[in-house]
Structures are given as structure tokens and as C-alpha cells.
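Visitor: For the protein sequence lines, the chains are A, B and C, in the order given.
With this note's numbering, letter number 89 in the first sequence gets 89, and the count goes up by one each step, no holes.
Each number in this note's numbering comes from the position in the second sequence (counting from 1) with 1000 added on.
Each number in this note's numbering comes from the position in the third sequence (counting from 1) with 2000 added on.
No lab work stands behind these hints: they were computed from the structure.
Quick caveat: nothing in here was measured; it's all calculated off a predicted structure.
Any given hint could turn out to be false.
Only pairs whose alpha carbons sit at most 20 Å apart, straight line, appear in this in silico SDA-like list of lysine to any residue [stated by the list, open to error]:
no., chain 1, residue 1, chain 2, residue 2
1, B, LYS1036, B, ALA1003
2, B, LYS1213, B, GLY1223
3, B, LYS1154, A, GLY10
4, B, LYS1213, A, HIS11
5, B, LYS1213, A, GLN13
6, B, LYS1172, B, ARG1139
7, B, LYS1213, B, GLU1224
8, B, LYS1154, B, ARG1139
9, B, LYS1161, C, GLY2017
10, B, LYS1161, A, ASP62
11, B, LYS1161, A, GLY10
12, B, LYS1036, B, GLU1015
13, B, LYS1161, A, GLN13
14, B, LYS1213, A, GLY10
15, B, LYS1213, B, PRO1241
16, B, LYS1161, C, ALA2037
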Amino acid sequence: MTVATQTGGGHVQRGGGGSSGLADVVELILDKGLVIDVFVRVSLVGIEILTIDARVVVASVDTFLRFAEATNRLDLYGKGKGGKDLTELTQGVMEGGAKGKTTGVIDAAVDKVEELLGGNNREEEREEAPRRRRPQRTREREA
Amino acid sequence: MSATYVYGLVRSDAELPDDLVGLGPSGTVTTVVHDKVAAIVGDVPLDRPLGTRDDLVAHEAVVDSVAARTTVLPMRFPAVIEEEGVVGELLAPHHDRFVRALDQLEGTVQYTLKGRYEQDVLLREIVEEDSGVRELQERIRGVPEEAAYYDRVKLGELIVKALEERRDVDAKDIVDRIGPFAEAVSTTTPTQPEDVVNAAFLVRRDGAEEFEKAVEELGADTGEWLHLRLLGPLAPYDFVPEE
Amino acid sequence: MGIVSGLLGLPVAPVRGVLWLAQQIQDQAEQQYYDPARIRAELEWVDEARRTGELSEEECAERENELLQRLMVRRA
């Protein structure tokens, strides 16, 4: 059963040990682990062997359209209530980017995101951030 | 002749949790011991082929519950063998190999870390930085969906490419930062454009707390743009020695 | 039977180009249908739907079994 739990500071979603989602389980036990030839023989006796290939897909037109749509939706939102227009956003990035050069990529990205979400206006950051972010998977669910 | 399901292998002196529930009709999980190695086994449903979601979930739950307590070599699903063959065909002929692998992994446990971009944050950043993207967006605006089909495909392609370029950099940063807390790292190339990292870390049990703390700190630093999931402790799926 | 062959297989027999095209469409549709990466993405989507409560536990389990069947058909 899937139970999404938060531990510690709660910045990382936890799973595993019987509480992973099926997608994770499939990846762990169908792609990996020990295979011994004696098991293969049994498959001939009537139990199907399932082999999964983990090949990397080349992004398809479907994927491209999905991202085009997401990007356009984003733009519409930016034009909507409380959103910044492109010029303001661009300024934010320039500032964030310049600062970032001295702090390493991850820190730079964090800086940049902070700029994007709030700029210098802390009030706005608090108000805007939760709506703009992807819904966080923090809620616990009964198994 | 009856069939037996094999979940994994442990040292014969290993202690297993007593609340394991298998995928067979009885749900029972026991061990078959041969010299220094033991197979974790159970019964098999005979009236249907294996492979339901409950089968998979049960396999993983047994293996990883054992892994939380002791070193286990996990079997790939589905591992079925005739009951009479567990010792004669599985344990005895491969005994030394199994012992070597268990010794190699002794005292370690796997964690799998998966990271995915917070989509909107990254898309916004890409729109900012890429004038080609903005141009295309302008061109598409107000044009009926059908008419702008190729422009939309092109736009999506640019976005996906930009995501993948960022991913290469960010994934390396993440692995570089967490890697020092692990004995070994094994990374898998993500399949979705918004997936950043999928990495397995082999961690010493006595260093697990520190490892988890490092991941938690990474999560705190990157939470605005990265959604991290940590699976584990798990069996060392990605570190089973090849023969 | 192929996904598309049921629709296109009957009346167009002699036209080679059309058959070739139909075959291409069918190949692509099947490739996508059985694409492990796509199936995994759908499994993740079901996980998400279970978390948010969008689908009930029964609906999720049913959908998951269906997706697993598709993963297994490949090399049966």
C-alpha cells in the first residue's frame, strides 16, 4: 500500500520498505536483482517470465505538445491576477543570475527562484509562492 | 511437484522479521538453509499466473523488510523454482558465489533518490532565458491550435531540450553532493523530461542517519525548484554483483 | 489483433500505399501502447491519483493491474 510520509524537516518525500508506489516497485524488482538460470527453466513449466526493458525513450511529439501547452498555460497565468509581466521577470533573472555566479549552481538556482517568486518583495513571495508551486505531495494518506 | 517462490538470499545466521507476509495463498514466509546461505521462500498461487500488483508489492515488501534488518540479495521478480530444487539447484551449486556477494554487501543498505523539477518554476526560468522560446510563444498566441501545430511541437521540443540541458548539470550537482555519504553510486538516465535524477546509493548502515540528513538538507536547499523522493532503506537492488 | 487493423483492415486491400500507411500507424500506436516508459509514467500517475484521492483504492488497483498486463505482454 502506498503511504507518502514526511519525516525530519519534511523537505523530502519518503518511501520504500513496503510503502513505495507501484511505479517504484516495478523499477526495483522487475529491472534489478539477482537472476539465476534455474528460474528460467521454471518458466517453461508454465509460469510466465516477465522481462521489462528499461530503455530510455526518445521524447515524442506527444511530449513536446504537453510541454508546449504547460508553457503557454504558464504564460497566461503570468498575465493574470497578481502575476508579473515578462519584463519584470527578466530583470529578476538577471539579478539572480549575476549573484549566482559566485555561489555554485544549486545555490544560484535557488537564488534565481527566489527572485522569480518574490523579487525584493517578501510579502508577495509568501502570498504567491504556494499557488505557483506544484502541489506538494506532503499529505499523509491512510493505507 | 510443487513450486516455491524465492524472495531473496541471506546468511544462514541472519535473523528475519517475524511479520513477513508473502504472495502465496498461505502468506507464509520461511527459510531454506544450506550451509552458510539461506533462501527466503514461500508458496505460490497455483490457480493464476504471477504478476498482479499485489504480487509485486508483496515481493518488494518482504525483501525490503528483511533489508531493513539484515543484508539480503534480492531476487528479480518472479523467482519460482521447484521445491525440491531449492537446495540442489539453487543454493548448493551457487553457494560460494552467494556467500561472496553477501560478504561484499555486508553492513550496507541501498537508498534510491529521485528528483523531479517543479515544472512551473523551471518552465518560467526557460521562458525567461530563451528568446527563441518567447518568440515562438508570441507567434502561437491567438492562432487556432490546429494552425499552430508545428510551432507548438517546435516550442515543446525547445523546452524539452532546455530541460535536458539543465538536468545534466543539476543531476551531477546532486550526485556530487550526496555521493560522499555513500560507498557506491549507480545512476539511471531518467525517462521523463522533467525528471532530474534517479540514483541508487549504497550506504553503510551505521552511516544511514548521516546520509538521510544530507538528503534532507539538499531537499531544504532545493525545495523551490526540485521535488525529491527518497526510497529506503532498501535491499541493494542496484549493487548485486554480476557473475 | 492490432489496435488499428480492426478499423482499417477490411475495405482497403489493394491499395499498397494506404496499407503501408495503415501499417505505420498501427505500429506506432502499438509501440506507444506497449512502451514501458509510457506505462511507467502512467503508473506514476496512478500513484499520484491515489495520493490525491482522485481515484479510489479499487480503481487504482484495477488500473495498475491493467498496466502491468501491458508490461508483461511484451515478452510472454
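Visitor: Decide if the proposed pair is consistent with the structure: LYS1172 of chain B and ARG1139 of chain B, CA atoms, cutoff 20 Å inclusive.
Guide: 35 Å, violated
Visitor: Taken at face value, is the distance from the CA of ALA2037 of chain C to the CA of LYS1161 of chain B at most 20 Å?
Guide: It holds: about 18 Å lies between the C-alpha atoms, which stays within 20 Å.
Visitor: Verify the proposed pairing of LYS1213 of chain B with GLY1223 of chain B, using a straight-line Cα cut of 20 Å.
Guide: 15 Å, holds
Visitor: Between LYS1161 of chain B and GLN13 of chain A, is the straight-line Cα distance small enough, at 20 Å or below?
Guide: 27 Å, violated
Visitor: Does PRO1241 of chain B sit within 20 Å of LYS1213 of chain B, going by the straight-line distance between their CA atoms?
Guide: 28 Å, violated
Visitor: Do the alpha carbons of LYS1213 of chain B and GLU1224 of chain B lie within 20 Å of each other, as the hint requires?
Guide: 18 Å, holds
Visitor: Does the alpha-carbon distance linking LYS1036 of chain B and ALA1003 of chain B stay inside the 20 Å limit?
Guide: Judged against 20 Å, a Cα distance of about 23 Å means the pair is violated.
Visitor: Would the pair LYS1161 of chain B and ASP62 of chain A pass a check requiring their Cα atoms to be no farther apart than 20 Å?
Guide: Given that 20 Å is the threshold and the Cα spacing comes to 14 Å, the pair holds.
Visitor: With the threshold set at 20 Å, check whether the alpha-carbon distance from LYS1161 of chain B to GLY2017 of chain C stays at or below it.
Guide: 34 Å, violated
Visitor: Under the criterion that the straight-line Cα-Cα distance not exceed 20 Å, is the pair LYS1154 of chain B, GLY10 of chain A satisfied?
Guide: 38 Å, violated
Visitor: What's the verdict on LYS1213 of chain B and GLY10 of chain A, does the C-alpha distance respect the 20 Å limit or exceed it?
Guide: 11 Å, holds
Visitor: Under the criterion that the straight-line Cα-Cα distance not exceed 20 Å, is the pair LYS1154 of chain B, ARG1139 of chain B satisfied?
Guide: 12 Å, holds
Of the hints listed earlier, those the structure fails to meet are numbers 1, 3, 6, 9, 11, 13, 15, in rising order.
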